[in-house]
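Enquirer: Keeping their order, the protein sequence lines are chains P and V. Per the working numbering, residue 1 is the first one in the first sequence, and the count goes up by one each step. Per the working numbering, residue 1 is the first one in the second sequence, and the count goes up by one each step.
FYI, nobody ran anything at the bench for these hints, they're computed from the structure. Check before you lean on any hint, since a few could be wrong.
[What the hints assert, rightly or not] Distance condition first, Cα-Cα at most 27 angstroms in a straight line; then the derived DSSO-like pairs of lysine-lysine:
hint : chain 1 : residue 1 : chain 2 : residue 2
1    : P       : LYS39     : V       : LYS94
2    : P       : LYS136    : V       : LYS86
3    : P       : LYS136    : V       : LYS36
4    : P       : LYS39     : P       : LYS129
5    : V       : LYS36     : V       : LYS175
6    : V       : LYS123    : P       : LYS39
7    : V       : LYS64     : V       : LYS107
8    : P       : LYS39     : V       : LYS86
9    : V       : LYS88     : P       : LYS39
[To be verified] Negatives, chain V to chain P, calculated, CB over 10 angstroms:
hint : residue
10   : GLN37
11   : GLY39
12   : SER73
13   : GLY77
14   : SER78
15   : LYS88
16   : ALA105
17   : LYS125
18   : VAL136
19   : ALA140
20   : ASP170
21   : ASN181
22   : LYS184
Remember, it's a predicted structure, so these values are computed and weren't measured experimentally. The beta carbon of each residue, even a glycine, is placed where N, CA and C say it ideally should be.
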Amino acid sequence: MTQRYTYPAIALHWLMALLMIATFPLGLYMSDLPLSPHKLRLYAYHKWIGMVILMLLVLRVFWRVTHRPPAFVAGLPRWQVLAAHTVHIALYALMLAVPLSGWLMSSALGFQVVLFGVLSIPDLIGADKALGHTLKSVHELLNYGLLTMVVLHVGAALQHHLMLRDDTLRRMLPFLGGLK
Amino acid sequence: MKAISALLLLAASACVSAANFSVVNPSKSNINFVSKQMGVAVTGNFAQFNSQISLDPTHPEAGKAQITVMLNSIDAGSGEANDEVKGKVWFNVKEYPNATFVSSAVKALSGNRYQAVGKLTIKGKVRDVIVPFTAVPAGASLLLDGSIPISRAAYGIGEGAWADPSVVADDVQVKFHFMLNLAK
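Just chain V, with the same shape it has in the complex (with noise of 0.2 angstroms):
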């Protein structure tokens, strides 16, 4: 009997410790971006992205992370910034309506801290991007932070007269935040 309930506590801690966050709370995630116009820093955001994600922090390397960002749902700053990025130079929301991110390995590094790379697609144009971030537990979920820079160029987001970087920088700084809770 008692080696009965021994081996279920030994279950259930292995159970906490081993513990797969998989379902994201997206009212509690957000996709932010900083851009640089005549050395001002710009913020904006994708209002909708469909995210899975799982991470198990003590097996990072079974994480796994596909987001797909709703570029209609950008907030660039105004509503003239608006209209301007969903256009043809910049993000041509009408061909490519979705930008991907899909990973291809997680790894930790030190701590809290993570790695992911994978596969980045803006505007059909597909890049190999690394993307840093930590995993913090806060209370029963798991709160992911990271951000990666985006160089417009490479993905031909501002073509043109304005792939100028003296006006808008060639540097977007794209942050996130997702709360990852337990499947249950």
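Isolated chain P (complex conformation) (with noise of 0.2 angstroms):
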């Protein structure tokens, strides 16, 4: 009988989810756009996501660590679990890194976060516009590492529950029937 994970963490993945799949096109989307008014907001809207993505982070690691996931299902091969372990293991990682690369970033480049518009957030570093442009490729980098293991993730549960029909991905679903 395999276990579902705990629902705080069932929220904390499909809402951490959910910020990563809007504020990813969001960022590609707005950098390329000419300066306006409109431009300022969605990279207003988009640090917050960060911030609140690298908030809930830190909330979850603290419970991952706290509370013991479910097993795999049985059977699975060595390798399967050993990749999946890696894959989790570069999600967390990159998690942090991403939205800290933004932070890095915006302090260098002179433009504090300012959560929701309010909630001034200290800068890492002190202004510096060419150290600020490289962590702009960095923290473009890093999101398209991010693309892949959230492929590769995304992939793996899909497999697992449309081609062997298993129960890993109903550990993560909070609905969709009862598990075998």
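Build the complex from these two chains, which are given one at a time in their own frames, with help from the hints.
Expert: Written as structure tokens, this is what we have:
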């Protein structure tokens, strides 16, 4: 009998997934826009979502460390267990590195992050335009890394759900019937 | 003889106390501003300006200031922003290359605080402004520091879609620092 993830873990997983799905294309779209109030607004939203993701990640890591996740479905080949662990670790690392690089980049470019327009998030580093542009490339690169890991993660979940028809995905779903 | 030297001494001390600081050291002076974009304070500055300022702290009412800021020298925080703010809906530097402040009166407030009133002209629009500042002696120099809020709307700085103060706040805080020396 396979166990489900705890409800807080499920909630954090899907909430963060939703925020990432929203803010990734937003980041791609906004950076090519000509300067306008619309652009400044989108930049602010993008940074706010990024900071929220970072805060949720702290909560999530705390929850993950204090709550053992359910076991993999029975009979999973060793290489798949290894692959799943590797992708999970990479996902966690990138969920930290992506918003962090965005935060650093904002600080270096001289645009502090002010959450929801009211809460000033301290600058991590001083203004340095050249470093800011480097960090922008780092932020982009890390995002494509994260996208790659998300594709692998979603691909594996769908393969288990649709082809192998096991409980792998159901463990992370609060609905879709009971577990086998 | 004694009387003469006493007189000379008196004259000398009068010279010191009635010191008219009227030579601006441009390399030790600056004009900065802070605007708020989506709640984020963004600093910028004007690298080029001409200033004729004279202030005798003992006779502030004789003080004068005429400051011309070359708007093309703006740094608004990013290359993209610099191009934008020189454009028509912002400063329109092609038609209005300079912003000017001309004082009409200066008075002492209390301690080392003073106040100048005068006319500020930006983008062809003339507005009366009150400029509070401090004047603090530093060695042989006099340091003037102050700031005034400027309403973007009052001068049409950022028109059209940019007029929306929820993105770029209407108030822009302009800060100045001038180092004045005695005329030689």
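Enquirer: Name the hints, by number, that the structure is in violation of.
Expert: 10, 11, 13, 14
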